[in-house]
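Enquirer: Sequence:
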Amino acid sequence: MVSLIDHQVGRILTVLEETGQAENTLVVFMSDHGEMLGDHGIYFKGPHFYDCQLRVPLIMRWPAGGVVENRRIDGLVELVDLAPTFLDAASLEIPERIQGKSMLPMIQGGAERLGCREQVYSEYYNSWTHGNAYGTMLRTRDEKIVVYHGTGEGEFYDLANDPEEFFNLWDHPDALKRKNAMLARCFDASVFTMDPHPPRMGPF
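Here the working numbering = 1-based position in the sequence shown + 11.
Derived by calculation from the structure, the hints in this document are not laboratory data.
Be careful, since some hints might not be right.
Derived Cβ-Cβ restraints for the label pairs, each shown as a range [stated by the list, open to error]: (1) T25 / V67: 21 to 31 Å; (2) A171 / T204: 18 to 28 Å; (3) H183 / G161: 34 to 44 Å; (4) L170 / M212: 41 to 51 Å; (5) E29 / E80: 14 to 24 Å; (6) R152 / S42: 43 to 53 Å; (7) E107 / L170: 29 to 39 Å; (8) N81 / S102: 37 to 47 Å.
Glycine residues also receive a C-beta, built at the ideal position from the N, C-alpha and C atoms.
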């Protein structure tokens with residue numbers, strides 16, 4: 012699989028070089044999800060919120076556009092940030108109510124705070140085997156909470172001390188205050204990620 016992807020991406024880059032478009036083309040290598048390769052005893056993709064499933068490659072190259080080469084950014088971003096980034100790169104107006112944040116100032120050499128987020132949000136419908144399960148995840152740099160709605164179950168990880176997510180602190184009494192704070196943030200995030208309505212034009 013890795014060799015296949017490497018070969019096919021190479022074909023695209025070769026054509027860009029041959030047609031003289033390589034320097035002024037914003038190339039983005041990404042994926043829609045990660046993969047479980049035995050992590051936590053699980054194989055393949057599925058309804059899980061572990062980092063190995065959620066974290067995906069995001070590599071950008073655009074020499075003429077000022078994208079800094081060989082820079083690694085460890086902050087949090089979401090794939091919804093790509094659309095405003097592309098608009099920004101094309102010098103097009105970013106709609107006021109768009110979901111997402113342009114990463115262009117950051118990838119052109121700016122500070123991580125210009126393009127990264129304090130938290131990222133993910134959700135999965137039917138995330139358990141029974142028919143009405145919903146899963147929601149909120150992750151910050153140091154903590155992650157997963158809520159399986161309607162079940163009373165969930166996951167809470169201290170990523171600063173447990174980056175491999177081996178110790179679920181959901182029911183740990185010493186983590187209750189931190190868990191509740193993350194639950195409140197997760198609830199807010201679920202509201203703020205709803206589809207934005209167009210601005211009201213009339214007085215009523």
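Enquirer: None of the hints should be skipped; say for each whether it holds.
Expert: Against the structure, the hints come out as follows:
Between T25 and V67, the C-beta spacing of about 24 Å keeps the proposed range 21 to 31 Å intact. Judged by the Cβ atoms, the range 18 to 28 Å given for A171 and T204 holds: they are separated by roughly 25 Å. About 22 Å separates the C-beta atoms of H183 and G161, a value inconsistent with the hinted range of 34 to 44 Å. For the pair L170 and M212, the supplied restraint of 41 to 51 Å holds, since their beta-carbon distance comes to about 44 Å.
Take E29 and E80: their Cβ atoms lie about 21 Å apart, and the range 14 to 24 Å holds. Checked against the hint of 43 to 53 Å, the C-beta distance between R152 and S42 comes to roughly 21 Å, which is inconsistent with it. Between E107 and L170 the beta carbons are some 33 Å apart, a value that agrees with the proposed interval 29 to 39 Å. About 26 Å separates the C-beta atoms of N81 and S102, a value inconsistent with the hinted range of 37 to 47 Å.
The structure does not agree with the numbered hints 3, 6 and 8 stated previously, though it agrees with the rest.
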